[in-house]
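*Asks:* Sequence:
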Amino acid sequence: MVPPKAASPVKKVVTVPESVLKKRKTLEKINAERAVKAVASKKDAKTKRQVIFKRAEQYVKEYRTKERDEIRLKRAAKANNSYYVPSEAKLAFVVRIKGINKLAPKPRKILQLLRLTKINAGVFVKLNKATLQMLQWVSPYIAWGYPNLKTTRELVYKRGFAKVNKQRIPIHDNAVIEKSLGQYGVICMEDVIHEIFTVGPHFKQVNNFLWPFGLSNPTGGFRGKKVRHFIERGECGNREDKINELVQRMN
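Here the sequence shown stands for residues 648 to 898, numbered as in our numbering.
Please keep in mind that the hints were generated in silico from the structure rather than gathered at the bench.
A portion of the hints provided could be inaccurate.
Listed next, with one range per pair, are the computed distances between beta-carbon atoms [said to hold, decoys possible]: (1) Val707 <-> Pro848: 16 to 22 angstroms; (2) Lys826 <-> Ala703: 17 to 23 angstroms; (3) Lys889 <-> Glu717: 16 to 22 angstroms.
Restricting the straight-line Cα-Cα distance to at most 20 angstroms, the calculated cross-link-like pairs of lysine to aspartate or glutamate (EDC-like) are [said to hold, decoys possible]: (4) Lys797 <-> Asp716; (5) Lys713 <-> Glu837; (6) Lys701 <-> Glu717; (7) Lys773 <-> Asp888; (8) Lys713 <-> Asp888; (9) Lys797 <-> Glu704; (10) Lys872 <-> Glu892; (11) Lys873 <-> Asp888; (12) Lys889 <-> Glu717; (13) Lys737 <-> Asp888; (14) Lys745 <-> Glu892.
No residue lacks a Cβ here, since even glycine has one placed at the ideal position from N, Cα and C.
Could you put together the complete structure from these sequences and hints?
*Replies:* In structure tokens form, the structure reads like this:
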């Protein structure tokens, strides 16, 4: 007799729940979209880097040309036994050096308008007739002058914070600048510095974007009395280009 064949084991069909299949499909779609976005963002970042680099080169060329023109005009005036009178400054940097004790209402309000609500707070100010009168009113409580390019750049890079939705945000990436100021053609730190230093057409928006600079007490302390004017060996008032030395010690 032929022995009976053994019954073959029945293979179990593994069924995957429909919810799991939907989730897999959704994740695959999300990953594919992310990959496409990553490639596009990488391409955009490369293009922006090239634009930023070209702008930086253009600004450096502009600064150097302006500096050389100043030197050339001074030499030409000296050769003709004359004097070269530079154009009036358009930009000032203002630092608050005194507190709130015995502060009259009008100077208090002007300091609020200038955003100088704390001691050692500093802001850039566009100089015109109105702002010069305001600075004259609060002269006993501030030190101000005309910053150079080096001072402006160091302040923005070292002490610069952005004001986004009334919050103080560190500028850790150019994307922070582009998001707030991209509509004005300002997309990077060099654009911000150029707009501030040259008092460009969008100075108001860029300056308002920057949070007031919080400076430290000057290295070595103040060398004169705060109640006296700078020309009387004090500290307050207009010190013209000497503000750069003070900011260097406070930055």
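*Asks:* If a hint holds in the structure, say so; if it does not, say that too.
*Replies:* A quick look at each hint next to the structure:
| no. | hint | result |
| --- | --- | --- |
| 1 | Val707 <-> Pro848: 16 to 22 angstroms | holds, 21 angstroms |
| 2 | Lys826 <-> Ala703: 17 to 23 angstroms | holds, 20 angstroms |
| 3 | Lys889 <-> Glu717: 16 to 22 angstroms | holds, 18 angstroms |
| 4 | Lys797 <-> Asp716 | holds, 18 angstroms |
| 5 | Lys713 <-> Glu837 | holds, 17 angstroms |
| 6 | Lys701 <-> Glu717 | violated, 25 angstroms |
| 7 | Lys773 <-> Asp888 | holds, 16 angstroms |
| 8 | Lys713 <-> Asp888 | holds, 17 angstroms |
| 9 | Lys797 <-> Glu704 | holds, 16 angstroms |
| 10 | Lys872 <-> Glu892 | holds, 17 angstroms |
| 11 | Lys873 <-> Asp888 | holds, 18 angstroms |
| 12 | Lys889 <-> Glu717 | holds, 19 angstroms |
| 13 | Lys737 <-> Asp888 | holds, 13 angstroms |
| 14 | Lys745 <-> Glu892 | holds, 19 angstroms |
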